[in-house]
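Bring the two chains, given one by one in their own frames, into a single complex with the hints.
Residue numbers (the numbering used here), protein chains in the order written: chain Y, 3 to 116; chain F, 1464 to 1577.
Source of the hints: derived by calculation from the structure; they are not laboratory data.
Since the model is a prediction, treat every value here as computed from it, not as a measurement.
We put the beta carbon where it would ideally sit given N, CA and C, even for glycine.
Careful, some of the hints might be misleading.
Here are some of the chain Y residues that sit facing chain F, going by a computed Cβ distance under 8 Å [claimed, not checked]:
# : residue
1 : Gln44
2 : Phe48
3 : Tyr89
4 : Gly108
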Amino acid sequence: LAKTTQPISMDSYEGQEVNITCSHNNIATNDYITWYQQFPSQGPRFIIQGYKTKVTNEVASLFIPADRKSSTLSLPRVSLSDTAVYYCLVGDIGRGWAGNMLTFGGGTRLMVKP
Amino acid sequence: NAGVTQTPKFRVLKTGQSMTLLCAQDMNHEYMYWYRQDPGMGLRLIHYSVGEGTTAKGEVPDGYNVSRLKKQNFLLGLESAAPSQTSVYFCASSYPGRETYEQYFGPGTRLTVT
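If we strip away everything but chain F, and leave its shape as in the complex, we get (with noise of 0.2 Å):
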């Protein structure tokens, strides 16, 4: 298994470009999630889904878009980037209703908007 991994690994944008970041995970997790992490602080969720098809709004949504056209795919797009999302961009994934809830990360993506 090789997890949850995030395509590409590093981008640098000029301001107004605009790029698709795709996280794959192979576990067959139904939750999926987009975070951003900015120098020195925790994460923020910018996007989620709870299913193939379907997304919601997290806590910094504005300036991304996402979907979920399939279940092991969750892409996380920036129409007109602007340099307030420099910052490196973590996917994860997740199974409800276990035992032990846990959250899989992939290694991020570092995006540096200029």
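The shape of chain Y in the complex, shown without the other chains (with noise of 0.2 Å):
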């Protein structure tokens, strides 16, 4: 199982690009990468997914370099409310990401000032 490691803690400001990197150096051929963003209260909510190169969706983008042993989520433009704590896993998706294969660490607590 991929062990990942991200920042604590970010701050930012309206209207700026946020990038959010994850180090997972121990990646698995068969894994692939996934952002999830919590809001206090909340349940996590999945945000974007990615194997290789460049993901965009609505949301953000999703940078994975060649050798995929790092991440970098995207926000572009945040606001007040992308405030939220953002979380990197690694896993198989192909095996369902049943059981242990899904690891949730302590995230990245991204506070948007004005």
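This is the structure:
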């Protein structure tokens, strides 16, 4: 199971682009990278998932270099409502991530200021 | 669709009491999970189920039991509550085999054991 390392916290201002990097040096060949967002008193919410290069959706972009030992979640033009904890997870989605394949670390607490 | 719902939202127990948390999902998902989240921490997997009638242990199963008698429901039981089980409990569900693997989380149950 690939261990992930993220910054504990980050601060930003409204309108800025935020990049959160996750290290996963022992990522396996079949592992995918997924990011979740969690607001206080709520369950986590899926943001984006990728295997390599770049993935973009209406909320964020995910950049994965060729060696896949790290990944970067990019949030364009953040607002106050993006203040949350962001989790990076690595696992083999082909196995459905049942059981111990899915591990949430401590996450990165993003604080967006006005 | 209601998604994933959890009952109750809040509960206070005395040490030694028992209770059952109910998770229900209306998305016809095969996999269901129970997590706990302690203050300032990430989520830790308690038990999971890959289908009706099946359950398995996760990372922190001690002191909990589960049952999946119906596909849409996943019950988490505490037979003899302890203060160390004070936490927020999240249920999640997922459908394996799709192109994007995503877990859908419920709103959580805040449990206090005195």
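Status of each hint after checking the structure:
1. Gln44: Because about 6 Å separates Y/Gln44 from the closest Cβ in chain F, which is inside the 8 Å limit, the hint holds.
2. Phe48: holds (4 Å)
3. Tyr89: holds (7 Å)
4. Gly108: Holds, because the Cβ-Cβ distance from Y/Gly108 to chain F comes to roughly 5 Å (cut-off 8 Å).
Hint check: no violations occur; every hint is consistent with the structure.
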